[in-house]
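Protein chains: 2
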Amino acid sequence: MTQLESARKGVITDEMKAAALSEGVAPEYMRSGVASGAIVITKNNAHDSIEGLAVGAGLRTKVNANIGSSQDHLDVDEEMAKLMAALDAGADAVMDLSTGGDLKAIRAMMLRESSVPIGTVPIYQAALYAKRKRKSFVELAPDEIFDVIEEQAAEGVDFVTVHCGVTMRSIEKVEGRIMGIVSRGGALTAEWMRYHKRENPLFEEYPRLLKIAKKYDVVLSLGDGLRPGCIADATDRAQIEELVTLGALQKAAFDEGVQVMIEGPGHMPLDQIEANMILQKRLCNNAPFYVLGPLVTDIAPGYDHITSAIGGAIAASAGADFLCYVTPSEHLRLPTVEDVREGVIASRIAAHAGDIAKKRKGAIERDIRLSKARKALDWEAQISLSIDPVKARRLRESAPPTEDKSVCTMCGTLCAIKIDGK
Amino acid sequence: MTQLESARKGVITDEMKAAALSEGVAPEYMRSGVASGAIVITKNNAHDSIEGLAVGAGLRTKVNANIGSSQDHLDVDEEMAKLMAALDAGADAVMDLSTGGDLKAIRAMMLRESSVPIGTVPIYQAALYAKRKRKSFVELAPDEIFDVIEEQAAEGVDFVTVHCGVTMRSIEKVEGRIMGIVSRGGALTAEWMRYHKRENPLFEEYPRLLKIAKKYDVVLSLGDGLRPGCIADATDRAQIEELVTLGALQKAAFDEGVQVMIEGPGHMPLDQIEANMILQKRLCNNAPFYVLGPLVTDIAPGYDHITSAIGGAIAASAGADFLCYVTPSEHLRLPTVEDVREGVIASRIAAHAGDIAKKRKGAIERDIRLSKARKALDWEAQISLSIDPVKARRLRESAPPTEDKSVCTMCGTLCAIKIDGK
Numbered sequence: 379m380t381q382l383e384s385a386r387k388g389v390i391t392d393e394m395k396a397a398a399l400s401e402g403v404a405p406e407y408m409r410s411g412v413a414s415g416a417i418v419i420t421k422n423n424a425h426d427s428i429e430g431l432a433v434g435a436g437l438r439t440k441v442n443a444n445i446g447s448s449q450d451h452l453d454v455d456e457e458m459a460k461l462m463a464a465l466d467a468g469a470d471a472v473m474d475l476s477t478g479g480d481l482k483a484i485r486a487m488m489l490r491e492s493s494v495p496i497g498t499v500p501i502y503q504a505a506l507y508a509k510r511k512r513k514s515f516v517e518l519a520p521d522e523i524f525d526v527i528e529e530q531a532a533e534g535v536d537f538v539t540v541h542c543g544v545t546m547r548s549i550e551k552v553e554g555r556i557m558g559i560v561s562r563g564g565a566l567t568a569e570w571m572r573y574h575k576r577e578n579p580l581f582e583e584y585p586r587l588l589k590i591a592k593k594y595d596v597v598l599s600l601g602d603g604l605r606p607g608c609i610a611d612a613t614d615r616a617q618i619e620e621l622v623t624l625g626a627l628q629k630a631a632f633d634e635g636v637q638v639m640i641e642g643p644g645h646m647p648l649d650q651i652e653a654n655m656i657l658q659k660r661l662c663n664n665a666p667f668y669v670l671g672p673l674v675t676d677i678a679p680g681y682d683h684i685t686s687a688i689g690g691a692i693a694a695s696a697g698a699d700f701l702c703y704v705t706p707s708e709h710l711r712l713p714t715v716e717d718v719r720e721g722v723i724a725s726r727i728a729a730h731a732g733d734i735a736k737k738r739k740g741a742i743e744r745d746i747r748l749s750k751a752r753k754a755l756d757w758e759a760q761i762s763l764s765i766d767p768v769k770a771r772r773l774r775e776s777a778p779p780t781e782d783k784s785v786c787t788m789c790g791t792l793c794a795i796k797i798d799g800k
Numbered sequence: 379m380t381q382l383e384s385a386r387k388g389v390i391t392d393e394m395k396a397a398a399l400s401e402g403v404a405p406e407y408m409r410s411g412v413a414s415g416a417i418v419i420t421k422n423n424a425h426d427s428i429e430g431l432a433v434g435a436g437l438r439t440k441v442n443a444n445i446g447s448s449q450d451h452l453d454v455d456e457e458m459a460k461l462m463a464a465l466d467a468g469a470d471a472v473m474d475l476s477t478g479g480d481l482k483a484i485r486a487m488m489l490r491e492s493s494v495p496i497g498t499v500p501i502y503q504a505a506l507y508a509k510r511k512r513k514s515f516v517e518l519a520p521d522e523i524f525d526v527i528e529e530q531a532a533e534g535v536d537f538v539t540v541h542c543g544v545t546m547r548s549i550e551k552v553e554g555r556i557m558g559i560v561s562r563g564g565a566l567t568a569e570w571m572r573y574h575k576r577e578n579p580l581f582e583e584y585p586r587l588l589k590i591a592k593k594y595d596v597v598l599s600l601g602d603g604l605r606p607g608c609i610a611d612a613t614d615r616a617q618i619e620e621l622v623t624l625g626a627l628q629k630a631a632f633d634e635g636v637q638v639m640i641e642g643p644g645h646m647p648l649d650q651i652e653a654n655m656i657l658q659k660r661l662c663n664n665a666p667f668y669v670l671g672p673l674v675t676d677i678a679p680g681y682d683h684i685t686s687a688i689g690g691a692i693a694a695s696a697g698a699d700f701l702c703y704v705t706p707s708e709h710l711r712l713p714t715v716e717d718v719r720e721g722v723i724a725s726r727i728a729a730h731a732g733d734i735a736k737k738r739k740g741a742i743e744r745d746i747r748l749s750k751a752r753k754a755l756d757w758e759a760q761i762s763l764s765i766d767p768v769k770a771r772r773l774r775e776s777a778p779p780t781e782d783k784s785v786c787t788m789c790g791t792l793c794a795i796k797i798d799g800k
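If you read the protein sequences in the order shown, they are chains A and B. Converting from the first sequence to the numbering used here requires adding 378 to each position, the first position being numbered 1. Converting from the second sequence to the numbering used here requires adding 378 to each position, the first position being numbered 1.
Chain A extracted, bound-state conformation (with noise of 0.2 Å):
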């Protein structure tokens, strides 16, 4: 059964026991909240080395990290150590979407070696297959690519995006668009989609993906090929056609007892963002919301980390329930080892401003805690209070006070606390 099941016929499973723990709710608040789709809990129930990672409503806004290799940077030892910096650094979760080397084994070296879920897009891996067979994307069967999703839930992936609502309907809503297509997965359905002149396998052989899911309790995180690739583009036509679409999938596989989380952009203006947020939940009955991003300007490479940490923030106290990392690397070049990190603890800062915003139990203490060490000048508690101790140590020893210890090099003897506390 999968835990959507199984909270329907009131189980509270030890998945569930464990996530609300950690989370600080009841155990019921936790099964009706799968129950109702609002929660998904990513496991799959093959792969036992990792605790199931509770995401949705009213539970702590969740990171994820991408890593993976790419057909111009292939190496495994390198992917095994951006795993490690972002296990470190604190991401919820981890998506593999490597797309150069031994697709195969360093998904297991994934499965194996993280302690939180994996998650994958199957489709990366079909469209290197078609490659080594060398033919073309477009020449893929149907079978080719549900096999591929098979084979990776068989081997323990937690969660997989799939672009089931890049359709007929909604590719032509692209036309006119700055940037077109910008995810990966949706670039390639819509090249199949368009060469074959049919309908995308993923939409109309559903009920197929639906049985996999549940066979393993695969969490469905349903893409969003159609994401707007720069702020102009932004909740157009093409976007919000595949929301609708995504809201209606989201329904079928609730209804089969499948979980699903639903993706978002991307891009987005400041302004539009709370928007967003209202429409995927009314439109996806309340599914989770996954976010990448949002990015609030187009103009920062090389600062992608924060252009996406102002948008996260504001999308998270808002209601985004996930957020995906984005690295200073973004649109430049694969993320290093240094990116990944620095990635995850933008991404966390945002998340954890939305989790205050959101007057959610137990995020604004950790500040308390960590202003009142600041008040009282203790140094050793800030920096192990703060959200990257090693950082803030680094940056604290390499300016040592002079005259007075127990103040910074910032303000020296003309330290606010130390003239107000006298």
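Bear in mind the hints are in silico, worked out from the structure with no lab data behind them. Treat the hints with care, as some may be off.
All copies of an identical chain are treated as equivalent in the list; a pair is satisfied when it fits inside any one copy or across any two copies.
To be verified - In silico DMTMM-like pairs for lysine to aspartate or glutamate, Cα to Cα no more than 20 Å straight-line:
#1 K796 x E529
#2 K736 x E652
#3 K800 x E550
#4 K395 x E550
#5 K629 x E583
#6 K592 x E634
#7 K750 x E517
#8 K592 x E529
Could you slot chain B onto chain A? The hints should help.
For chain B alone, coordinates are given in the frame of chain A:
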């Protein structure tokens, strides 16, 4: 005559014309904005080496960089390097907050070398004078404080932070806060008042301050000496009591022909930012709002350029006119040259994201140009249009693609733009 007096008489000054041109607004829009107090033009009438900077309603959101020595770290050459880094990164104004070494010499260097307005907090120099005379700050006479302000105004400082709203009525409301008073100027002023059991001289003898400001057309930046130092203290009675006073002081200055900005917090939960912007505009007669941050969480020392970019973007979108940057070193040490650069860029991202949300003319156009270059896989144009071309180029060139030079190593040949463009 001050810019305000000229505007009130219907005169469009050269400074208004230049500012109107650079903002893409009509000269008459600029004049009427200055005449109403909703726009200030920061330019000391003795500071000939800069153009004036217009800040306020309907204009591009501006960014200030705080630099300056401290008693623990005083190196004139390094401060010069910070000034150049701030200008190079695109700061619209610079505040010299030096508190260590030869303040007069550092200030003279900045006034001479800067191409943008220079602001100061004169009370820091008063505090240093006291220390050199081996007396406590509380032993300073009001005359000594006013003398420092006049000295700096005569030297050509364009705007000064003065903590006139720290009054007997407001400081009593600080009781019960976690962080107390965290503004250095606010803490010094309160210490003086508590010691003497006497009202703040800058409040009591406000007309004397107006006389100095008027003589040199120095913009008064009415400081928020009681700004919250942690998010749990935000929007409390002390902060709002002070803001009410600042509104009255703005009106009094405006009536005298003196230009005024209002300073704002600080640390603030994301969901309180918009309310604070509305409140300031309403209480302070639509005077320009100059905010520090706001930082949306306290737990990220080492990343406060990010916590403040989140708050700054929301503030700008909701009406803030001028963002004071925060660097990664905030709360830990005096910023380095590299911190200055990172701080300015993060703040410019926030300002620009706010300008897009406010639908300011010309803001999104740059994003559209960059996105068109991105769609065309035109890397040179993408880099030259980005907010920090140096960093964008460095990241791109650190990982050159192998198979196809037109893509990047994130996706390699699995580039959505390539696939969608087929």
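(message) I want to check one pair: K592 and E634. Are their C-alpha atoms no more than 20 Å apart within a copy, between two copies, both, or neither?
(response) For K592 and E634, the Cα distance is within 20 Å only inside one copy (8 Å; across copies 74 Å).
(request) Measure nothing new, just compare the shortest in-copy and cross-copy C-alpha distances for K736 and E652 to 20 Å and report within, between, both or neither. (result) both (13 Å within a copy, 15 Å between copies)
(message) At most 20 Å between alpha carbons: which applies to K592 and E529, within, between, both or neither?
(response) within (14 Å within a copy, 76 Å between copies)
(request) At 20 Å max between alpha carbons, let me know whether K796 reaches E529 within a copy, between copies, both or neither. (result) neither (62 Å within a copy, 28 Å between copies)
(request) Measure nothing new, just compare the shortest in-copy and cross-copy C-alpha distances for K800 and E550 to 20 Å and report within, between, both or neither. (result) The answer is between: 16 Å across copies meets 20 Å, while 69 Å in one copy does not.
(request) If the cutoff is 20 Å on CA atoms, where do K629 and E583 land: within, between, both or neither? Let me know, please. (result) within (16 Å within a copy, 69 Å between copies)
(request) At 20 Å max between alpha carbons, let me know whether K395 reaches E550 within a copy, between copies, both or neither. (result) This pair counts as neither: shortest intra-copy Cα distance 45 Å, inter-copy 48 Å.
(message) Within a copy, between copies, both or neither: which one fits K750 and E517 at a CA-CA cutoff of 20 Å?
(response) neither (63 Å within a copy, 31 Å between copies)
Hints 1, 4 and 7 from the list above are not met by this structure, while the remaining hints are.
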